[in-house]
Each structure stands twice: as C-alpha cells, then as structure tokens.
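J.: Put the complex together from the two separate chains, hints included.
Chain by chain, the residues run as shown.
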Amino acid sequence: MINKGFKLGLYFILFLLVGELLVRLDREFDVLDNSPKKIAIQVDESTLLSEVDSGLFLPKEGELRVMVIGDSYIHGGGINKKYKFARVLDSFLDAQAVNQKVQVLDISRPSNNTQDNFNSFSYYLPRFKPHYVIWAYNFNDILGPISGIQHKSENAQKEALEPPKKLAKDSKGLKKYILKVYKHSELIAYASALIQKELKVNGIVLPVGDFYNLTHSTYSPSSEKWILSQEMLREAAYQCDSIGSKFILYQLPEFNLLEKHKLFAGIDDALKSFADSNQSIQFKNGYFDFNKGKGSQFMISKYDGHPNESAHARMAEVLGLHIIKEQKKRINN
Amino acid sequence: MLYWFVTNRSIKIQNILLLIASYIFYGWWDWKFLSLILISTLVDYTIGVKLEGASTERERKILLWSSILINLGVLGIFKYYNFFVENFIEAFTAFGFQFNAPILNIILPVGISFYTFQTLSYTIDVYKGKLAPTKDFIAFATFVSFFPQLVAGPIERASNLLPQFYTKRSFDKATAVDGLRQMLWGFFKKMVIADNCAYFANEIFNNYNDYSGSTLAIGALMFTFQIYGDFSGYSDIAIGTSRLFGFNLMKNFAFPYFSRDIAEFWRRWHISLSTWFRDYVYIPLGGSKGGLSLKIRNTFIIFLVSGFWHGANWTFIVWGALNAIYFLPVMLSKRNRNNLDTVALGRLVPNFRDIMSIVFTFSLTVLAWVFFRAENLDHAFNYLAGIFHATLFQRPEILPLGLFCLIIGFVIMEWLHRNQEHGLQKFEHSHRVYKYMDLLLIFVIVWSIIIWNAQKEVEFIYFQF
Chain X
1 MINKGFKLGL
11 YFILFLLVGE
21 LLVRLDREFD
31 VLDNSPKKIA
41 IQVDESTLLS
51 EVDSGLFLPK
61 EGELRVMVIG
71 DSYIHGGGIN
81 KKYKFARVLD
91 SFLDAQAVNQ
101 KVQVLDISRP
111 SNNTQDNFNS
121 FSYYLPRFKP
131 HYVIWAYNFN
141 DILGPISGIQ
151 HKSENAQKEA
161 LEPPKKLAKD
171 SKGLKKYILK
181 VYKHSELIAY
191 ASALIQKELK
201 VNGIVLPVGD
211 FYNLTHSTYS
221 PSSEKWILSQ
231 EMLREAAYQC
241 DSIGSKFILY
251 QLPEFNLLEK
261 HKLFAGIDDA
271 LKSFADSNQS
281 IQFKNGYFDF
291 NKGKGSQFMI
301 SKYDGHPNES
311 AHARMAEVLG
321 LHIIKEQKKR
331 INN
Chain B
1 MLYWFVTNRS
11 IKIQNILLLI
21 ASYIFYGWWD
31 WKFLSLILIS
41 TLVDYTIGVK
51 LEGASTERER
61 KILLWSSILI
71 NLGVLGIFKY
81 YNFFVENFIE
91 AFTAFGFQFN
101 APILNIILPV
111 GISFYTFQTL
121 SYTIDVYKGK
131 LAPTKDFIAF
141 ATFVSFFPQL
151 VAGPIERASN
161 LLPQFYTKRS
171 FDKATAVDGL
181 RQMLWGFFKK
191 MVIADNCAYF
201 ANEIFNNYND
211 YSGSTLAIGA
221 LMFTFQIYGD
231 FSGYSDIAIG
241 TSRLFGFNLM
251 KNFAFPYFSR
261 DIAEFWRRWH
271 ISLSTWFRDY
281 VYIPLGGSKG
291 GLSLKIRNTF
301 IIFLVSGFWH
311 GANWTFIVWG
321 ALNAIYFLPV
331 MLSKRNRNNL
341 DTVALGRLVP
351 NFRDIMSIVF
361 TFSLTVLAWV
371 FFRAENLDHA
381 FNYLAGIFHA
391 TLFQRPEILP
401 LGLFCLIIGF
411 VIMEWLHRNQ
421 EHGLQKFEHS
431 HRVYKYMDLL
441 LIFVIVWSII
451 IWNAQKEVEF
461 IYFQF
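In the order they appear, the protein sequences are chains X and B.
Each residue of the first sequence is one higher than the one before, starting from 1 at the first, in my numbering.
Each residue of the second sequence is one higher than the one before, starting from 1 at the first, in my numbering.
Pulled out of the complex, with its shape left as it was, chain B reads as follows (with noise of 0.2 Å):
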C-alpha cells in the first residue's frame, strides 16, 4: 500500500523504501551482517564509477581485479577458510609435516553467495562495456540487496535487474495476480512437498544403517523432491513478490525433473546460476570451442566450482564432479543442444522414447542428490553401497504413501504448466468452465497448504549458500 499509493510519485523514494525494507529483512537474521552487504555495496558503486573514468587498460583492469578479489575475499573468509585450513592440515600431516593454523569460529552469512555473485556480474558488465555505470547509488544499492532475492537468488544480472530501479513502475493488476499465483505455488512446494519430504529424507540419512536398500532409494527421492520444492518454491516466492512491486527477476527453474538429458538439466535447474558461470567463466575459458582437452577441462571447471560455490565439503564437489561426468558424453557427441524445445509440447502425454529418456535423467541426477545432501563423502558412498544392495527389492520400512499421492498430484500440475513460467500460471481459456476449474484449484492448493503443511519450521536450504 505505502509502495503503490504512498510512495508512488517518485522512483526515488520508492527506492529508498525498497531499501530500508531490504535492510530491515536482512538485518533482522542478524544486524551485523548487513555491513557485509554495505561494504560489497560502497566497493562496487565505486569501482564502477572509477572504471568509466579510467584512461588505461591497465587502470580498469587495477579495477576489476581489485572488486574480484574484495567480494571473492570476503566469500573466501567466510564460506571457505576453514575447509581449506582443515584440508591443508590434513594433506601436511598425511605427508609428516605439522602445519597450524587458526580455525575461525564464524558463521556464514545467509545468502553471502548469492549477492556477491551479483555485484560481481555488475563489475564485470560494466569492465566489458556491456552496461554503463550507475550514478544513482539508491538504485544500485537496492539492487544489491533488493528483499525477495537476497537471500537465495535468482542471482540477478545487472543489466536486467538495475534498470528497472530507475524506470517508473506502474500497478497492473493482471502482473500482481499472477505474482500471487505463482507465491502461491511456492508455498505449496516449499510447505507441503519439500518440508514433508525433508522429515522422510533426514530420518532415512541419519540412519541409514537401519534401513533396507529400497527405503534408502525412497530416502533418495524424498531429498530429491524435497531440493527442488525448497529451492524452486523459494525462487517463485521471489519472483512472484518482485511481481507485486512491478520487477521481472529471471526464471530460476523451468521444470528440470522433465529433462530428457543431463545438458538440459542444466539449462533448467538454477538458470540463473548456470547462465553465471556460463557467461563469466565457461565462456572466458574458451567454453566449447577449441580442442578435445580444452573442452573437457572446461567442463570439469565449471562444474566443479558450480559443486564447490553451494558450500565448502568434498560432498558438493565430487557432486559438480559427477554431473560433469555426466554432461562429457553428452557434450563430446555433440548431442547437447538436442533437446532446446519443451518436451512433448502439444501433448498431453510424452512418446516413449521421452519417457526413458526423462527417467534415465531424472534417475542420474536422484543419484547425484545424495552426495549433495550426504555429511561427508563415507555418508555419500555408504549410502549409495546401502541402495544397490540385496534389500533393495524387499518392501520398504517407510512407504510414505499419501506423500506420494501430493507428490504425484504436484507431478502433473508441473507437467500441465511445463511450456508456462510456473506451475500456477493460469490458462487462457474464455470458457466458464475452465474459470471455476481454475477457482477451484486454487482454494485445493490454499487447502493443501493449510492442512499438510509440515508442522516444524524447517528452513530453506539454499539460505545456507
């Protein structure tokens, strides 16, 4: 109300309320961080500046450098000091040699991963000449911490996001329902699919040695529904509240699991991630092109620093391993610009050959999840060994059925909406019937979400990275 009928004569004032209401977001997990963010803010706006100023190459690169190094730095201290202190002990000791060095008992800033990277990619922008600088510093320290996206993204480039702080936004009513559809639907896949789905998965990987190998599978696919109710449902909660206050964030996810090959995958889960180091790493490094060597290095790069960005444990990288192990066969055949359309658009049901090709993946990555959700790599095997086992076929200690009942309901709700931007996304129909449908389906999922919505608070995990 204060945004659209208060504040609504100025951009600028707009502005400063979307500021103050980020920072009091923020701040409100912890105050002291918000400093993190003012600094990663004030080094960037000015960097900025300084590089449209800059005479000499050597200047500008004095420049990128220097805000490559302060936000990575920061990253650094926080996400990774200690993992690398605890391998470089280990890796010295192993060898003979006593090496000591302090471990800093800190915590990781919620969301610290995700900003950086998008103050970065402002930097950089503007570095290539993609982007001019912005002189207006409400507008640009709003876009680094603009509230719905802050904490666990879509990491927004600036040459999408920035602009829109200094044009004047106007209240369509049509953008703000659909916004509310789509919040809607992120409710329901974070309250009712991933936070069940997490009370299954965290029983069955802390106590794995109790289970049978088919209950280890069904632990598997929990974690597997439940990372991608959490993260996508955080992702439409973002986009759809920026919709409310008249901002289009890039599409985070556009339906993964109906991936028929691993290259798709990625061109669906974490978009904005994957577009990231695509742009800013993959492609400097020479991306595809070149040699056989060069290619498969590059692929290893970026998946492994993708494993290594969403924390500081083997697991995750042996997991950005294992998915370039994954895309290589793929990639080398040339095969990994097959499928760029929606699968089976037009059709209510996939061919065949879809449909092995969707399980095959969507088996790979299920495979893939338990290094990313086990403790430490004797977890990850340990599991995978307790999965491919004689049990395997024996029926499940949990069988959480009517969980399967909403999961599948939210299958095909996802499979209806796959060439839409969310799985709420209403359908142009003119006739009344789909009207009352359309109602009808909504108060179902208003329902869903206050009757088997997870009782214990349990928090998103991409917040952690």
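Chain X with its partners taken away, still in its complex shape (with noise of 0.2 Å):
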C-alpha cells in the first residue's frame, strides 16, 4: 500500500516536472509567438497619417477633422481593418456631415499606454489640428512605464518598472523549501494565471496579481501612476481647449467582461470623478452604450477583452452621434 502511494507521489512529481520543463521550453522560445493574434494587430498605416508625418497635411477650413488616440482595442486588434473604429466612424460622419469633408486621423497604435498616448497627441495635435480629439481610455493604459509630462530621471524611471520591494522573512526547514519552489516555478506561476483567467470570465479575482492590483489599488487616490495619468489627460484636454478642439475620453470596456462589469467599478469611480473635475473632459463611460444585450455579441473571445466588429461599429454610431450632435452646438453658437 506504502509502496503504491509512494508511486504514485513520485508520478505525480515527475508529470509537474514535465509541466514546469514544458512551460519553461514555451517561456523561453515562444513556441506559439507568431500567431495571428498578433498579426492580426499589425498597425493599420492610412494615407491621412502618412500626410501628417511628412508634413504634407495643410488642415483646411469646411473639414471636419478628429483624432483618435488609443491602443490595440480601439485600433482594432483581431478584427479586419475594413470593420476597424476609425474607418466606420470616417463613412459614418461623412454620411451624416454634410457638405463637409471628413478627416479621421487614426493615431493609435497596439500596447500603448497612457503615456504613449500623450507623446503621439502631443506630437500630433499642432500637425492636424482636429476639431475634436477621441481618446480612448483603457484601464491598463495606467501600466508600463510612465513618466507624466516632465520626464523624470532615469533611475526615477527605473523604480517604477520595478515591483515593489520586499522584506524577506526568514523560513526554516520545508516551509523555506516550499516558499523556494513556488517563487522560482514557472509552472505556478503559469498555472496561477490560468486559474486566475478563469476565474476572471467568471467575475471572480483572487486578491493576488495584476488584475487585482489594477481594479483595487492603482487607481487610488495616492496611486503615482494615476497621479501622473490624470496630469497628462488634463494637460491633453487643457491643449484642445486652447485651440477650440473637444477632448472626449472615452472609456473603452473590457468586452470580454461585460457582464462581470462590477469588477470594474473602482476603476469607473475613478475616471468618473477626475472627468468631473475637469469642465474640458467630455467623458463617456463605454459599459453603458454595451450593457444590454448579450455581452459575447461584441467580444472577440471570451479570454479577451478586444472589441469584435459589431462592438467597434456600436462605438462608431455613438461617437459619432456625439460629434454630430456638438457640431449643430457650434453651428448655432
């Protein structure tokens, strides 16, 4: 009896050892890197971007130019770039402005953060001169490194790349062993991201890792990071308003989740209130322009939170219904 339990232990020890070779061997060479996933998110350069970048681009008057600032789910990752937002709200405007040449500049780019998004609006905004400025905010656009509008030096930098330190207790006997095993495995950890994934989807979040930190604590109140994200949106809406432009942030969902929207509300209260503070902000919360409906109408996957086409035309119609419905504002004014 000893003899078989005692098989079946090492069995069980040399299928982890497997998985954790396994996980290794994928971690180190990718081994799937170059899916489609990823090509699917390969920048979609228009003729109008490649105008401003070389100077080309002289804004004229009857135009109706707007900017669109983001990341891959705006930008429109994992879906064909005939569907993607700009292009359905470019067809969209133009059929609704009438007598007046429409100009989308798309000016987002897959995996950029809120700073990225910054220096392209700073970069752009004097060379297009849009009437209105759509920056499509995505809850993880607070990570990575951010340096808010003065940079900082580079240790500065450094520091906030790094996690937190800690202070190492001192174990003895197994229990140093095991807390050794669980913080070098890569198989924990990639087990811990997967359980934590599905159970994600399923609204439920250990209160361990990324996710959680993100929704509970990197947008509060004291949070560096939010700090200086909130500086830069000021400072973007500040520079449209000085030059008659409408800054709309718009707050992109996490699509997948829909229906576990809740997960969120940290997040929303946050944005909620920095919008509020600020008369230049138009803000939208996106939930509320998908939470009717069937959440898996407008995802692409239920693992991840990229909008599918329906969800990008959705967004389309409502931005630009805003835009139209501030043009008759200012045509009247």
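There may be inaccurate statements among the hints.
Stated by the list, open to error - Have a look at the derived ranges for each label pair, beta carbon to beta carbon:
hint : chain 1 : residue 1 : chain 2 : residue 2 : range
1    : B       : GLY346    : X       : ASP210    : 51 to 57 Å
2    : X       : LEU25     : B       : LEU439    : 16 to 22 Å
3    : X       : THR47     : B       : ASN382    : 23 to 29 Å
4    : B       : ILE39     : X       : LYS302    : 32 to 38 Å
Hints are computed from structural coordinates only; laboratory data are not their basis.
Here a beta-carbon is modelled for each residue, glycine too, at the ideal position from N, C-alpha and C.
T.: This is the structure we're talking about:
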C-alpha cells in the first residue's frame, strides 16, 4: 500500500516536472509566438497619417477633423481593418456631415499606454489641428512606464518599472523549500495565471496578481501612476481647449467581461470623479453603450477583452452621433 | 459510473440511459432539430419492420425508395435546396429567362449528413437481406443517435453497431484505458494541431491578396493539417468515448498522409464515408467492372457525390472532381491496389521511392484542399495562382516555426504508430524503460494540450457537414 502510494507520489512529481519543463520551454522560445492574434494587430497606416507625418497635410476650412487615440482595442486588434472604429466613424460622419469633408486621423497603436498616447497626442495635435479628439481609454493604459509630462530621471523611471521590494522573512526547514519552489516555479506562475484567467471570466478575482492590483489599488488617489496619468489627461484636455478642440475621453469596457463589469467599479469611479472635476473633458463610459443585450455579441473571445466588429460599429455610431450633436451646437453658437 | 455500476444489470436500461444522454447531447445544440432525428428513426424503424413482412418485390422496392426519398428529402431541403435554387436562378437568368423561387432562411442541422447515411445503410442492408430488421425500438433509436459519433461520424454500418446494442457489455480495463489514450490523442490533434493551424490558415486564406506565394503555400499546408487534426481528432475522441462505454466503432482514419498513391489515400481518409459510397453507390453502379467509359463514369460519380456530400458549394464539387482526376490514371493503369500494406512496415525509415511517392501524393492532396477551404471557385483559383507565382521562393511573411516543430513531433508520433489503431496506442514492450517512456509521453501530451491549446474556441469543421 505504502509502495503504491509512494509510486503515485513519484508519478505526480514527474508529471509536475514535465509541466515545469514545458512551461519553461514555452517561455524561453515562445513556441506559438508567431500567432495571427499578433499578426492581426498589425498597425494600419493610413494615407492621411503619412501625409501628416511628412508635413504635407494642411488643415483646411470646412473640414471636420477627428483624431483617434488609444491602444489595440480602438485600433481594431483581431478584426478586419475595414471594420475598425476609425474607418467606420469616417464613413458614418461622411454620411451625416453634409457639405463637410471628414478627416479621421487614427493615431492609436497596439500596446500604447497613457504615456505613449500622450506623446502621440502632443506630436499630432499641432500638425493635424483636430476639431475633436477621441481618447479611447483602456483600464490597463496605466501600466508600463509612466513618467508624466516632465520626464523624470532614469533612476526614477527604473524604480517605477520595478515591483516594490518586499522584506524577506526568514523561513526554516521544509517551509523554506516550499517557498523557494513557489517563488521560482514557472509552472506555478503559469497555472496561477491560467486559474485567475478562468476565474476572471466568471467574475471572480483572487486578491493577488496584476488584475487585482489594477482594479483595487492602481487607481487609488495616492497611486503615483494614476496621479501622473491624470496630469497627462488634464494637460491634453487643456491643450485641446486652447485651440478650440473638444476632448472626448471614452472609457473602453473590457468586452469579454461586459456581464462582470462590477469588477471595474473602482476604476469607473476614479475616472468619473476625475472627469467631473475637469470641464474641458467630455467623458463617456463606454460600458453603458454595451450593457444591454448579450456580452458575447461584442467580444472576440471569452478570454480576450478586445471588441469585435459589432462593438467597433456601435462605438463609431455612438461617438459619431455625439460629434454631430456637438457640431450642431457649434453652428448654432 | 451510472452506466457501468447502476444500470449494468439490464442492457435495456443501459440503452435507455445512452438514448437519453444522446438526445440531451443533441438537444443542447438546438432541441428543435431533435424532431429530425426522431422522424428519421421512426421512418427507418417502421420500414425495416415492414420490409420483413413485405410479400412482393415491388412492395419491398416501394418501401426502400420511401426510406431513401424521405431521408434524402430532409437532407436535400436543409442542405441543398438553396444551392439548387440559386444555381437555377443563375442559369435561367444567363439564358434570358426569369425564374423565381424562394430562398429558405434555415440553418443546417448539425450532423444531419452523418445520421442520414447511417439510417440509410440500415434500410438498404435490411432490403438486401444482409441484416435482420430490429424489433427493439430503443436499440435502434440509440443506434441512430449514439452521441459519441452522432455529429461527425464515423458513419457506422448498422451491421457493425446495431448488434452491439443487443449484447451485454462488460467493463474491460485495458479497453477503457486504450479508449482514454485515443481520446487524449484526439484532443491533442484538435486542440493543439488543428486549432493552432486554423489561426494561420484563416488569416492567410482570408487575406490571400496580401501575401506572397510562399506564405500562401504555408496557408495551404496549415489547412491540410487543420482538417486532418480536426476531423481525425474528432473521430479519435468518438471512438475512444465509445470504447469507454464498451462499443467498438469502425476506424475512420488510417494515417492517410503517409499514402503512396491517391487510391491508398482514399482507403485511409474518412474510411466510413468512402466505404459507404463504395458499397451503396459505386458497386451498385457496376464499380470498376465493365468498359472503360463505365469505369470513368463511375469514378467521377462517386467522387462528385462525395464532394457534394461535404457541402452545397461548387468548391466541394471541384474538389471531388479533382480527386477523380487524380484517381483515374492510377485506376486505369491498374495500380490502385498496389499499396495495400502499411508503408515501410518493419522499418523505421521508408526507402527513397516511398518517400518520393508520399511527398507526391501529399502535395496533390494539399492542392486539392485549397478548393475545399476556399469560399468560392474564384477564391480557390486566385489562391492557387498566388501560390504559383514568382514570390513562391521569397521568404514568407508568416513562418510559424514553433507550430512547425509541434507538427513535426505530431507527424513523428503518427509515423511510429502507422500500423496501430491510433497515434497514442501503447506499444507492447515488457521492458521497464518503455513503461516509463510511455508515461513520460502521456505527461508531455497532457501538458501540451494545457499549454499550447488555441485559446479561442474553434468548432469542429465536420460538424457543418
């Protein structure tokens, strides 16, 4: 009996070791790296963008210019480029705005965070002089290197990238080895991420990991990243205001978690109270454009938050109508 | 547990349990379409009983044709009606006539082609006297709707599967373990090979204008492994699941990509459908006996019908015709039964001649799959033109090296098991080292499925047929 139990135990350890080895192999060589999920997020460079980049673009009277900023969510990651937000918005406004040439400049880029978006914004605003800036804000835009408007020293940046140092407690005996295995095992990290991903789609978040931190502490009033992000958004809105542009801050929902949106309550509150305190910002929480009907209608995959073609179409319609309404107000004034 | 330990005292109760499970399984997708299975079951059960009592040949023929017309009629309405109407409208318009007919807004019931052919085989076999009609309605209903193979085969013959519902089934550990291994191999084929290949195949086929000839060739190769991993993976899961319940289903794939000629390929690919057409269409038409024109006609009929069975689209018909063109020279030169054995049996590596034959046959099938995957004929021809372009020799834009490594591992596994029932069947070795290596292999397969499964849910391709 003991022999059998011992054998089973050994088999189990062997099973885990094989898993550890394969996970490490996957991490080292990124076995399925060249996947179309990444290919599909190729940057779609428009002729308009090339014109603006090369300085050939001259803003004209009677044009309606809209600039779109954000990451792969608004850029159309994973969908056919003809259905992406900027193109649909262009067609929508073209059909609505009579006697006006519509120019939609898409400067969104996959993997952009708030810092990247702000840098792009600062570069393109004087060159394109948009009437409307749509800043599609993703809840994870706060991650990655954020240095704010004034660049900080390299050391400070490095510090911001590194996780907070923890004081190591002295452990002894078996516990010490278990902790060591836990700390160094790629398999445990992988399994934990896998479990958390599965739990997340079911609306459960364990009090560990990036997602938990994002939804619970990164948007707290004392969070440096959030303070710097607000600073940049405020500055962007101010710059828009100074040239007579409207700054629309559109909060993107996580499209695979539309039915579990309560997970984002803290982020919703933080963004809303920030936007309420700034009159130059027209804030829209995108979740309310999608909270009716089935969430699965708007997602690409249940494990991925990117919007699908229908979601892009709806966002284009909602924001297009908002712009048309604003345009009418402008004309009346 | 319920099946083996609670209902095991009575075959009838076990069959009822399987029937309920099968109906729940099918109804889960859309309960309304359960009525189609019920109609098919009732019609063929009744006709089977009546055939036994029919006194004249005329009466028997009427009964047989009633079954054929009802079964193929339902299939025709759901699967082919719109195709015919659209093509009639197009043809009439081309000749300057107006032809109006309504287009039906219906969806294709999952697996309809599979269970329709399965019930038809029963009636035809009863008509031919090869099989006694069953009086056990529950057994017959379970045979028609048996959940492991209901939606994508193998298309079972009544003579093989139906009698298994009458006899007592006893749990055999070795069979169950091998069934689990076959299921595991099926999951690996589907979730790791097919689904990952699907990402690339879809991207490349959908945007073929953006890519070079070399990338398009990779796209065709990806679809070749996608369809094999997908369909044979489902068959492995179905056969393995059935073995857990004590049933033996027929082999549906016998490592077809190691075939040395196209005739061998068709003896190894979707065996249950190929043999169905051979027994119920090709041989009644005269088979390969008779004159040259009859042989050519019969070959084309069987391949065109086989193509059309897959879907109401000209792409499938051209795919069938292309296979007929591949097959004819082999058959007419009487070399179609040259390669009946397993390639390089008893050797680890095939000889040069075998390698060349395998590569040639494989390349022909890769080209044919382009028609199978394409949305329409234009798409297929443009795709092929894109492959045979100067850019065929340029570095491909998409080169999934990691996936290639997985595919190579998969092909090696299949090669080593090419004389076995499935790619994960245990080798009979008494040495302890083999035992541990086998265990290690199982662990690697399990972890590969966990780590390298494609994240997005991809449906089995053959469900749509």
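J.: None of the hints should be skipped; say for each whether it holds.
T.: Here's how the hints hold up against the structure:
Taken as a hint, the range 51 to 57 Å holds for the pair B:GLY346 and X:ASP210, whose Cβ atoms sit roughly 55 Å apart. For the pair X:LEU25 and B:LEU439, the beta carbons lie near 19 Å from each other, so the given range of 16 to 22 Å is met. With their beta carbons about 26 Å apart, X:THR47 and B:ASN382 fall inside the hinted range of 23 to 29 Å. Here the CB-CB span from B:ILE39 to X:LYS302 is close to 35 Å, well matched to the stated 32 to 38 Å.
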